[in-house]
Each structure stands twice: as C-alpha cells, then as structure tokens.
Amino acid sequence: MPFTRYAEVGRIVLVNYGPESGKIATIVDIVDQNKCLIDGPESGVARQVIPFSRIALTDLTVKIQRNARAKTLKAAWAEAETATKWEATSWAKKLSMKKKRAALSDFDRFKVMVAKKQKSAIIAKKMEELSA
Amino acid sequence: MTVAGVMRQYQVVGRKAATDDHPNPEAYRMIIFAPNAVIAKSKFWYYLHQFRKMKKTTGEILDCVELTEKNSRTVKNYGIWLRYSSRSGTHNMYREFRDVKLTGAVSQLYDEMAGRHRCRPRSIQIIRTATVGAKDLKRNNGMQFAKAGVKFPLPHRVSSAKRGQRALSDSTYSTVRPTTFFG
Chain H
440 MPFTRYAEVG RIVLVNYGPE SGKIATIVDI VDQNKCLIDG PESGVARQVI
490 PFSRIALTDL TVKIQRNARA KTLKAAWAEA ETATKWEATS WAKKLSMKKK
540 RAALSDFDRF KVMVAKKQKS AIIAKKMEEL SA
Chain E
62 MTVAGVMRQY QVVGRKAATD DHPNPEAYRM IIFAPNAVIA KSKFWYYLHQ
112 FRKMKKTTGE ILDCVELTEK NSRTVKNYGI WLRYSSRSGT HNMYREFRDV
162 KLTGAVSQLY DEMAGRHRCR PRSIQIIRTA TVGAKDLKRN NGMQFAKAGV
212 KFPLPHRVSS AKRGQRALSD STYSTVRPTT FFG
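These protein sequence lines are chains H and E, in that order. Using our numbering, read the first sequence as starting at 440 and increasing by one per residue. Using our numbering, read the second sequence as starting at 62 and increasing by one per residue.
No lab work stands behind these hints, which were simulated from the structure alone. Glycine residues also receive a C-beta, built at the ideal position from the N, C-alpha and C atoms. Please note: incorrect hints may appear among the correct ones.
Claimed, not checked - Output of the computed footprint for chain E on chain H, the stretches with three or more beta carbons under 8 Å from beta carbons of chain E:
1) 462–474
2) 478–491
To be verified - Just the calculated beta-carbon pair ranges, DEER-fashion:
3) Arg90/E <-> Ala485/H: 30 to 38 Å
4) Ser460/H <-> Arg113/E: 49 to 57 Å
5) Arg134/E <-> Ser460/H: 17 to 25 Å
6) Lys212/E <-> Lys537/H: 24 to 32 Å
7) Ala485/H <-> Ser146/E: 55 to 63 Å
8) His178/E <-> Thr523/H: 47 to 55 Å
9) Thr523/H <-> Leu128/E: 19 to 27 Å
Said to hold, decoys possible - Selected chain H positions facing chain E (Cβ under 7 Å, derived; list incomplete):
10) Ala446
11) Asn506
12) Trp530
Using the sequences and the hints given, assemble the complete structure.
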C-alpha cells in the first residue's frame, strides 16, 4: 500500500502524548528527521517543536507557507474548515466517544445498561419473528 | 570542564584587575556556551588566559548575562565551527544543525560529538557559530530538510512502550501482530 499521509508543511496532526494530547495542530516547519514545529492557534496548541513519535498524521492538510504566522494559520484553517472537517471524521468521533464513556457517572452507566437491554430485547423479538 | 546538557548562551565580560599604573585595563568580551553561569565564568577564564595574560586571580569579571534567542518560532540552520581533541590529535570541524534556537543547536552539537566521535564536552571548543541560509548549507542532512516542499511519510511507526504507556496493545497477550502502518 502506498503512503498517502506525509509529514509536510500544512499537514494537520493529532498530538498523542504530552500536555496537549488530544488536540490537533498543523506542521508549520520540519526541523529534521525526528522533529517538527507545530502550531495550533485555533485548537489551543502552543507553537512548539515536537517529535514525530508524539504525533499522528491525519488525512487533512491546509495550504500554508513554511513558518506561517498564527494569523495566517487561523485564516487558512477557517478557509479549509479544518475544525468541522476534523470533527466529521470517524477518528475524531471515536476519540470523543471514548472521552464521553470515560466521563460517565454510575447513573449514566446504569442508563446505558438499561438502554442496551432494551435494544437487545427489540432485536431478539425481531429475530424470533424472522425465524418463525 | 563543561558538562553536556541543555546549553545556555552567556556574554561574559572581564578584565585584568585595575592597578595604580593601569587604572583602566582593556575589557574583553566572550560569548560562552555553558549549562549555567558558574561554568560560563569558569570557561571565560579558561579561554582568556590562553589568549591574554590574565587569570581569575589577577582579573575580575565585570558582567555575565544570559543571552536569549531573539526568535524561537522559526527553524534556522546553524553552522558551528569547532575545535576538538580526539585520541590522536586535535582537529577543526564544521558542523551544521537545524534548530529553533542557537543553544538548541549547540546542545545537539555536544550530543552528536559525543555519539559520533566519543568526544567529551571538555575536549570541544566552539570557535564560531553562525546562522546559515538554506542555499549556503554544506551538509546533506540539513539540506534535505531545508529544501522547499520537503515531505516524507512516517514508515514503520512503532509505538514506544518505554514511557509507562501500555505496550503496543491494550492487553498483555494478543493473537494479532500490531500494526505499524498508519498511512
């Protein structure tokens, strides 16, 4: 399978580790084989050098020049509608679902259990109908 | 003896102590890379007594200020000229590094000299540093990243298990091998 996600200026990345983990940012410049300079003014990621081992490349890119200023970055993000596009990806949805599940209270988990039971009751009844 | 680590840049100014016949001796200024101000001042005397007839006991340090990077938001190419002693002799060298700060490049230099040449920080003397434009780079490694439109995939991504994160999968045992291809 060929590579489609490249580490390049303008690539949107998801920070995997560290204080900014879970946020997306853009690669603004590449330092060398192992590090790049990222910036995410819209998502609250400070401009910093980060190693590739701490980030994951996404499919999204924005059109910016190397070393773009925060203002230019913000405009490029708005033009490409990066935030909405990211939220629409199944990757982002899965991440937010994980977060939601981790934040459930005991009552919420009870509600989930009840809902699951109701769902499986409906399915079982339908299966009985179909097999009969 | 300079120890390696995160380097800082200091401007150290010193002169021979004032005497009655020479009430205003010439002051000398040096830019020193050191982990802290104490070592910076010590290095100042180390160099200065090689250049001029003065030493710590006969001189005084007038000023020792840390210099901070003016712009640490862009990646720059740094060329560093150094002199180092190996096991067989002392040599001059020119190395290039890409970094956001000059002190970052100097820290990289010390680490790389230790790795590639087994050279301890005490054997390294930095002669000169300069910011180099992308087209004046001489070494291939920096040149390929300074080029416009540089892009490369991240092949064979191994998730590091060294940080107390769970290793490549959520459970200790797995029936499938982990995936290292992430596009």
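Evaluation of the provided hints:
1. 462–474: Holds, because 5 residues of the region 462–474 of chain H bring their Cβ atoms closer than 8 Å to Cβ atoms of chain E.
2. 478–491: holds (count 3)
3. Arg90/E <-> Ala485/H: 30 to 38 Å: Cβ of Arg90/E to Cβ of Ala485/H: about 34 Å, so the range 30 to 38 Å holds.
4. Ser460/H <-> Arg113/E: 49 to 57 Å: 53 Å Cβ-Cβ, so the 49 to 57 Å window holds.
5. Arg134/E <-> Ser460/H: 17 to 25 Å: Taking Cβ atoms as reference, Arg134/E and Ser460/H lie about 22 Å apart, which means the hint holds.
6. Lys212/E <-> Lys537/H: 24 to 32 Å: holds, 30 Å
7. Ala485/H <-> Ser146/E: 55 to 63 Å: Since the Cβ atoms of Ala485/H and Ser146/E sit about 41 Å apart, the hinted range of 55 to 63 Å is violated.
8. His178/E <-> Thr523/H: 47 to 55 Å: holds, 52 Å
9. Thr523/H <-> Leu128/E: 19 to 27 Å: Given range 19 to 27 Å: violated, Cβ gap about 44 Å.
10. Ala446: OK, holds: Ala446/H within 7 Å of chain E, min 6 Å.
11. Asn506: holds, 5 Å
12. Trp530: Since the shortest Cβ distance to chain E is 11 Å, the answer is violated.
Figure legend: structure checked against the earlier numbered hints; hints not met, in rising order: 7, 9, 12.
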